[in-house]
Amino acid sequence: GEDVEQSLFLSVREGDSSVINCTYTDSSSTYLYWYKQEPGAGLQLLTYIFSNMDMKQDQRLTVLLNKKDKHLSLRIADTQTGDSAIYFCAESTVNTGFQKLVFGTGTRLLVSP
Amino acid sequence: EAEVAQSPRYKITEKSQAVAFWCDPISGHATLYWYRQILGQGPELLVQFQDESVVDDSQLPKDRFSAERLKGVDSTLKIQPAELGDSAMYLCASSPYTDTQYFGPGTRLTVL
Numbered sequence: 002g003e004d005v006e007q008s009l010f011l012s013v014r015e016g017d018s019s020v021i022n023c024t025y026t027d028s029s030s031t032y033l034y035w036y037k038q039e040p041g042a043g044l045q046l047l048t049y050i051f052s053n054m055d056m057k058q059d060q061r062l063t064v065l066l067n068k069k070d071k072h073l074s075l076r077i078a079d080t081q082t083g084d085s086a087i088y089f090c091a092e093s094t095v096n097t098g099f100q101k102l103v104f105g106t107g108t109r110l111l112v113s114p
Numbered sequence: 059e060a061e062v063a064q065s066p067r068y069k070i071t072e073k074s075q076a077v078a079f080w081c082d083p084i085s086g087h088a089t090l091y092w093y094r095q096i097l098g099q100g101p102e103l104l105v106q107f108q109d110e111s112v113v114d115d116s117q118l119p120k121d122r123f124s125a126e127r128l129k130g131v132d133s134t135l136k137i138q139p140a141e142l143g144d145s146a147m148y149l150c151a152s153s154p155y156t157d158t159q160y161f162g163p164g165t166r167l168t169v170l
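Going line by line, the protein sequences match chains A and B.
Its first residue numbered 2, the first sequence is counted upward by one per residue in our numbering.
Its first residue numbered 59, the second sequence is counted upward by one per residue in our numbering.
Looking at chain B on its own, in the form it has when it is part of the complex:
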């Protein structure tokens, strides 16, 4: 069964450092989502891609976060510089156009 892949699974960094997360969606899924999940809360959408285009980044803190999906397949989410409040699980999901979302295992970020 096809799955969404994410790496790394865990990342520990010091504040003010740069971090990057990678996501490979299910083959053929045009839509890719990045979510942030703070401990004890539900996931919140950061950015949504349709193919290589951003269709919603209204909740992305653009002063420090960036996301790209250059060839419309895999995607990278970057934080620079990381802050203590960025400690969270970062989840990637993909879906066929306007359909059910399938999630990857997530990257647990700890900022010290």
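One chain only, chain A, in its complex shape:
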């Protein structure tokens, strides 16, 4: 079955880079996603990567995918206090033609001034 694991907490200083890691189990995943959730809010799509890619860069965000090890990471360059939130990794599989997302438990990022 599918399972997604993340570390629970990361603390960085403003201006540093943040790296949030995720491991997943389903080798048939088609897409892997990163979502951001601020307190009391819904999930905001940050970025995603197709399973046949190794890297994707989008402004301050860099996603690295190691498909052999089933390891996904999100790097945030020049981290700002506004980046403080919970970050969820999710793997996507398509079952009988329909997409299903399985989420990790989330990594809480705290950015201090």
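Keep in mind that the hints were calculated from the coordinates and are not lab data.
Bear in mind that the values here come from a model prediction, so they are computed numbers and not experimental data.
We treat Cβ as the ideally placed atom computed from N, Cα and C, and that holds for glycine.
With a straight-line cut-off of 20 Å between C-alpha atoms, the simulated SDA-like cross-links for lysine to any residue are:
id, chain 1, residue 1, chain 2, residue 2
1, A, Lys101, B, Asp114
2, A, Lys101, B, Gln108
3, A, Lys71, A, Tyr32
4, A, Lys37, B, Ala146
5, B, Lys69, A, Ala42
6, A, Lys37, B, Glu102
7, B, Lys69, B, Gln138
8, A, Lys37, A, Tyr49
9, A, Lys101, B, Leu104
The following label-pair restraints were derived from C-beta to C-beta distances:
id, chain 1, residue 1, chain 2, residue 2, range
10, B, Ser116, A, Asn67, 29 to 35 Å
11, A, Met56, B, Pro154, 23 to 29 Å
12, A, Lys68, B, Asp132, 37 to 43 Å
13, A, Lys68, B, Arg67, 37 to 43 Å
14, A, Met54, B, Arg67, 34 to 40 Å
15, B, Ser74, A, Gly83, 40 to 46 Å
Fit chain B to the given chain A structure using the hints.
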């Protein structure tokens, strides 16, 4: 920019009462999802619609939860009767067929 709408944003109820949540997906999105997110955890899928049809409700506690999307547009999720363990954030998401999911702001349910 089009967004998924949900209401109410917050709901407080007593156990054994009935509650209902509403979701309006992004226009044109055929697929609609209801998730439950318990505090400190990631979202878990409750039910998935393709147009007006349910395609996955394997994790929906059918003895007390029901969901409908009668005209294939907006959707309602109902809990009757509510239990203390139902306290959670209920998230709605929508997507074009087999594509990225976009989430609404959620409904925070507290059962007393």
